[in-house]
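Fit chains B and C to the given chain A structure using the hints.
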Amino acid sequence: MAKDHRAGSKVRGDKLPAILMASHLIEGDTVFLGKAGWTRDPSAARIAHDAETAAAMEAEGKAAAAANAVIDPYLVPVDLSEAGLPIARHFRDAMRQKGPSVHPDMGKQAEFAPLE
Amino acid sequence: MTLITEDGAAEDRFTRADTLEAALAAEGPVLVPLPVAADYLAKRPGAETGISVPGATSIDEIRPHLAAAALVAVEFPGFSDGRGFSLARKIRREGFAGTLRASGPLIADQFADALACGFTEVELPETMANRQPVQQWLAAKETMSVHYQTGYGTEPSILQQRLTARKGATR
Amino acid sequence: MYRYDEFDERFVRERVAQFRGQVERRIDGSLSEDEFKPLRLKNGLYLQLHAYMLRIAVPYGTLNSRQLRQLAHIAETYDKGYGHFTTRQNLQFNWPKLKDVPDILGLLADVEMHCIQTSGNCIRNVTSDQFAGVAADEVEDPRPTAELIRQWSSLHPEFVWLPRKFKIAVTGASHDRAAIKVHDIGLKLKRDAAGAVGYEVIVGGGLGRTPMIGKVIREFLPKDELLAYLEAVMRVYNSEGRRDNKFKARVKILVHETGEEEFRARVEEEYARLDGPTINAPDEEVRRIAAYFAPPAYATLPETSAVLDAARAADPALDRFVAQNGFAHKQPGYIALTIALKEIGAVPGDMSAAQMRAFADLAETYSFDEFRVTHSQNLVLPHVRKDDVPAVFAALKAAGLASANAGLITDIIACPGLDYCALATAKSIPIAQAIAKTFADEKRQAAIGELPIKISGCINACGHHHVGAIGILGLEKGGRENYQITVGGDASEHAALGERLGPGIDAEDVPAAIEAIVETYLAEREGGESFIETVRRAGIEPFKAGFASFLDDRAPASEAAE
Chain A
1 MAKDHRAGSK VRGDKLPAIL MASHLIEGDT VFLGKAGWTR DPSAARIAHD
51 AETAAAMEAE GKAAAAANAV IDPYLVPVDL SEAGLPIARH FRDAMRQKGP
101 SVHPDMGKQA EFAPLE
Chain B
1 MTLITEDGAA EDRFTRADTL EAALAAEGPV LVPLPVAADY LAKRPGAETG
51 ISVPGATSID EIRPHLAAAA LVAVEFPGFS DGRGFSLARK IRREGFAGTL
101 RASGPLIADQ FADALACGFT EVELPETMAN RQPVQQWLAA KETMSVHYQT
151 GYGTEPSILQ QRLTARKGAT R
Chain C
1 MYRYDEFDER FVRERVAQFR GQVERRIDGS LSEDEFKPLR LKNGLYLQLH
51 AYMLRIAVPY GTLNSRQLRQ LAHIAETYDK GYGHFTTRQN LQFNWPKLKD
101 VPDILGLLAD VEMHCIQTSG NCIRNVTSDQ FAGVAADEVE DPRPTAELIR
151 QWSSLHPEFV WLPRKFKIAV TGASHDRAAI KVHDIGLKLK RDAAGAVGYE
201 VIVGGGLGRT PMIGKVIREF LPKDELLAYL EAVMRVYNSE GRRDNKFKAR
251 VKILVHETGE EEFRARVEEE YARLDGPTIN APDEEVRRIA AYFAPPAYAT
301 LPETSAVLDA ARAADPALDR FVAQNGFAHK QPGYIALTIA LKEIGAVPGD
351 MSAAQMRAFA DLAETYSFDE FRVTHSQNLV LPHVRKDDVP AVFAALKAAG
401 LASANAGLIT DIIACPGLDY CALATAKSIP IAQAIAKTFA DEKRQAAIGE
451 LPIKISGCIN ACGHHHVGAI GILGLEKGGR ENYQITVGGD ASEHAALGER
501 LGPGIDAEDV PAAIEAIVET YLAEREGGES FIETVRRAGI EPFKAGFASF
551 LDDRAPASEA AE
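Residue numbers (the UniProt record's numbering), protein chains in the order written: chain A, 1 to 116; chain B, 1 to 171; chain C, 1 to 562.
Next comes chain A alone, as it looks inside the complex (with noise of 0.2 Å):
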């Protein structure tokens, strides 16, 4: 289930490069901790290549979730596209990052250029 891919709190090498990624607390939509804050956009997620930046990242969504902002985060392992874009491994978190593949008039694929 879905906790059986999530990183650890020790983020391994084989979980790298990853983004970390929540759900808005007020709003319920899919978020992603980008350069600056939280972003809706899924090519804006900030990408951790190293451990110790995953970490880093780890603790910035723990303590979002602790201030009510955010709800559930955790670190995404991901691909790199050809334009360095993330894209998630697992296609669960995959279609976090697009939205329903049965609606593509919805969700992240409707609103923001596709991960390529």
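Keep in mind the hints are simulated off the structure, nothing from the lab.
All C-beta atoms in this analysis are idealised placements derived from N, C-alpha and C, irrespective of residue type, glycine included.
Honestly, I wouldn't trust all of these hints.
[As the list claims (entries may be wrong)] Pair by pair, the computed Cβ-Cβ distance ranges are:
hint, chain 1, residue 1, chain 2, residue 2, range
1, B, G46, C, E284, 25 to 33 Å
2, B, R93, C, P222, 21 to 29 Å
3, B, G46, A, A67, 47 to 55 Å
4, B, A42, C, E493, 53 to 61 Å
5, A, P104, C, E257, 43 to 51 Å
6, C, R20, B, T127, 19 to 27 Å
7, B, R93, C, R10, 53 to 61 Å
8, C, E257, B, T120, 30 to 38 Å
9, B, G46, C, A272, 31 to 39 Å
Chains B and C alone, transformed into the frame defined by chain A:
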């Protein structure tokens, strides 16, 4: 610990004592775990005594001690563990008229239901009480003024109120 | 149908205000997410993959046109213009925002609706037969019982924090359309030898991780003792149900581990101790509720309609629609029509705001302003004059709601699955769409006949796959979506759990696998047997063999492709 009754914050007169020795050494009314209750009451017959029971306890184990208890504290391991609500009903059904305490990390939204099931007070860990001050508990108690179930709480249920209203209308 | 009185109205309004306060206390930090989560779930609010999801109660599946128009309004104002009917006869919105939910609840209260206990570890929305009050094989209409239980179970002071969710279903008919044997409690209205009406009480059925068929714990419960007996069952479960393991917390596990006899004894012991006369609803109240479900003002009509017969003869599409989606009404000259939300390629159970409005008009004009939601994610117009069917059919066609496939292989139940659901392990809707496209040909569907396919995107079984004649369960295996196929499930009075045919397969292989299963059926079937009747008679082995040879045939092809 913070103690909340339907009138607001209250002072806890009972001292918790987990062993017989500690209970005998304490001053004033003590609150002891169920297994210690019989021995303590044998040494201090007639003392104002509280008995602490986990929510999972069978009423058969509690029944023999009810007559001598001034207070029963039902321990909730977490707010989402609802066994204590049914245990409270069973304790009241035995005719216990003393103080019935819900002890544990309950939330304000459970206050009205706790009272309806027969509890008279809630004992809250300090960390919870800081986030959910007494005013929130008193406000939460008032949010629902009607309920369907007959036999819970002191107010007449919706079913009873309907009957009364119909009788009034036909008179 | 039931209408709120001043007490119901006040109750629901106060519940809206209560939830508004809970949202405020969540946002200001008084409530942590761990504390708020069960509170929002008890009001039907989930956090899913992309957004919150709000599940609205449709008690025992009954709605009127004003309510559906309000749902259309909410869909357009606060969501993305559509709603989704579920296997629990409820309606879900997939995109609401937390800050808007209290306002949505206010709009629902305006039309006597709510989201109370559509999720969480409490007594859930009570479900019933979609043909209640219509079917000829009914001892008594189950809806008054369901409404009484709705009221009694709403914010019950003692039973809001159960070990796990608790689902109650009621039927009044001899043919079980409410799946009472796979609910935590199933109630069947029946008569005893003296002709008195009461209930057969079944406890401990359920699907999910450990599917079980319920056990009869009371052969006959007098009707006026219902609430007290339910309270006894709930108190035993609340006190003794397992809380150490979420996967073993349903009452079915308690009944199973305690043993049927011992569980029955504990319930009866509790029942003997409680104060029945206080708890039970007074007869006057039972009669007050029942009066709302009195038959509508039917016209006196002949059984057959010359208008409809002539129209059917002239229009083969109408003829197919009536033959497939019509259900015999006990009132002469009337018919119940199933509206399958299963257009080929559509999302099962989805309905747009425009369709809601069009359908609301039809219910208002042609069905005494009433319609039903079925656990197959379809709708029913319960009381249509046969003379009016041609006009209704034309309006349904214009709204894209005239699929003549009720009960056929393309009338597929599917949970939202990984497209929306945070618990899902695999996609569910796209599988349903692919199967429906494979069997789109109407003649082929008709030749196959009744064949309920049910798809779940995880072990929790919201798609009821265990009781599908063909069941499909989507899991994750080695980082890929993988689908297990079962055959022989049945949710009716012949309740049975499906049996697995073999190893799981990839998503793209599912339609061909279903074709192979259908081929086995067509080869094995005798006379006019339906699929499930063939499985019952011939057993699972021919289907296992057919599935095995499908896997063998497919293996060289997929190897070549790699």
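Each hint tested on the structure:
At about 49 Å, the CB distance of G46 of chain B to E284 of chain C disagrees with the hint of 25 to 33 Å. Checked against the hint of 21 to 29 Å, the pair R93 of chain B and P222 of chain C passes, with Cβ atoms roughly 23 Å apart. With their beta carbons about 54 Å apart, G46 of chain B and A67 of chain A fall inside the hinted range of 47 to 55 Å. Roughly 60 Å separates the CB atoms of A42 of chain B and E493 of chain C, a value that falls within the hinted 53 to 61 Å.
Look at P104 of chain A against E257 of chain C: about 47 Å separates their beta carbons, and that is inside 43 to 51 Å. As the Cβ distance of R20 of chain C to T127 of chain B is approximately 26 Å, the hint placing it in 19 to 27 Å holds. In this structure the supplied range 53 to 61 Å is violated for R93 of chain B paired with R10 of chain C, their Cβ-Cβ distance being about 30 Å. The given range of 30 to 38 Å is respected by E257 of chain C and T120 of chain B, whose C-beta atoms sit roughly 35 Å from each other.
Checked against the hint of 31 to 39 Å, the C-beta distance between G46 of chain B and A272 of chain C comes to roughly 34 Å, which is consistent with it.
Hints 1 and 7, counting from the list given before, are not met by this structure.
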